[in-house]
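Student: Sequence:
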Amino acid sequence: MKIACIQLSSGENYENNFKDIVKYVNQAIKNKSDLIITPETSSLMSSSRETLFKYSFEMNKDPILKKIREVSKKYKKWILLGSICVKVKNKLRNRSILVGPNGKIVKYYDKINMFDVKIPNKEQHKESKTFKAGNRLVTANLPWGKIGFTICFDLRFPELYRNLSKKNLSFIAVPSAFTKFTGQKHWLTLLRARAIENFCYIFAPAQTGKNTPKRETFGHTAIISPDGKILALKKIGKGVIYSKINPKLSMDLRKIIPSLI
Numbered sequence: 002m003k004i005a006c007i008q009l010s011s012g013e014n015y016e017n018n019f020k021d022i023v024k025y026v027n028q029a030i031k032n033k034s035d036l037i038i039t040p041e042t043s044s045l046m047s048s049s050r051e052t053l054f055k056y057s058f059e060m061n062k063d064p065i066l067k068k069i070r071e072v073s074k075k076y077k078k079w080i081l082l083g084s085i086c087v088k089v090k091n092k093l094r095n096r097s098i099l100v101g102p103n104g105k106i107v108k109y110y111d112k113i114n115m116f117d118v119k120i121p122n123k124e125q126h127k128e129s130k131t132f133k134a135g136n137r138l139v140t141a142n143l144p145w146g147k148i149g150f151t152i153c154f155d156l157r158f159p160e161l162y163r164n165l166s167k168k169n170l171s172f173i174a175v176p177s178a179f180t181k182f183t184g185q186k187h188w189l190t191l192l193r194a195r196a197i198e199n200f201c202y203i204f205a206p207a208q209t210g211k212n213t214p215k216r217e218t219f220g221h222t223a224i225i226s227p228d229g230k231i232l233a234l235k236k237i238g239k240g241v242i243y244s245k246i247n248p249k250l251s252m253d254l255r256k257i258i259p260s261l262i
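Position one of the sequence shown corresponds to residue 2 (the numbering used here), numbered consecutively onward.
Derived by calculation from the structure, the hints in this document are not laboratory data.
One or more hints might be untrue.
[Unchecked claim] Below, simulated SDA-like cross-link-like pairs (lysine to any residue); rule was C-alpha separation at most 25 Å, straight line:
#, residue 1, residue 2
1, Lys74, Pro144
2, Lys67, Trp79
3, Lys239, Arg70
4, Lys147, Leu234
5, Lys92, Leu143
6, Lys108, Leu143
7, Lys119, Leu234
Given only the sequences and the hints, what does the whole structure look like? Please build it.
Tutor: So, in structure tokens, the structure goes:
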């Protein structure tokens, strides 16, 4: 199984973000990837509530999702839109959407844990002012095993991951937009911890660079094995990382170390 994780630097220009998503998804397809994943808020990053609402759509009307469904069907690929802003009854959801090789939506997940923080470098974020939190765990069956869905700040909640891992997962997706400040301190440590604790591959596509005047993200898109090994890593800049993985490893490790209780 070949995984592709895309690193973007999405900003407030929706059209540019759209072009980048299509560009790197096509690049991953040319490299014969089985599963392609984009980062959190691939479609738009903005500190303006007005801008976020302007370029958010109902799920069945979203132009980026429509394009991904077309591409997925044409090339018979599994594609996970790490997250896009979706309108639901005049509110926004930070939504991760899995598209199957027939171009149909297989599952979607709304981010549960909102990023409401005051960071020591004087950054403040209150995601709950604009987005409504989800309230359900989501998994999906792939041809190679079961995958669980999480988004960014969810990474700091180990109970969520443990509850997912009890569903016999082999993989967990963590599309993210970690701030540069917090990413430098915690990002890779948290990814490796979640992989080791839950005996799951972690797929963590990330945002990078100066996304808006008020937001700089850490990058460091990573693919982590169930034993905590970093299989692929892209520190900065836009692009795609790849790794061939053995889905059987997750279940093999659980038999060797029976610590999932």
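Student: Next, verify each hint and record whether it holds.
Tutor: Here is how each hint holds up against the structure:
1. Lys74 x Pro144: Between Lys74 and Pro144 the Cα gap is close to 16 Å, so the pair holds against 25 Å.
2. Lys67 x Trp79: Answer holds: Lys67 to Trp79 is near 14 Å, not above 25 Å.
3. Lys239 x Arg70: OK: Lys239 and Arg70 at ~22 Å, within 25 Å.
4. Lys147 x Leu234: Given that 25 Å is the threshold and the Cα spacing comes to 23 Å, the pair holds.
5. Lys92 x Leu143: violated, 30 Å
6. Lys108 x Leu143: holds, 11 Å
7. Lys119 x Leu234: violated, 28 Å
Taken one by one, the earlier hints fail for this structure at numbers 5, 7, listed in ascending order.
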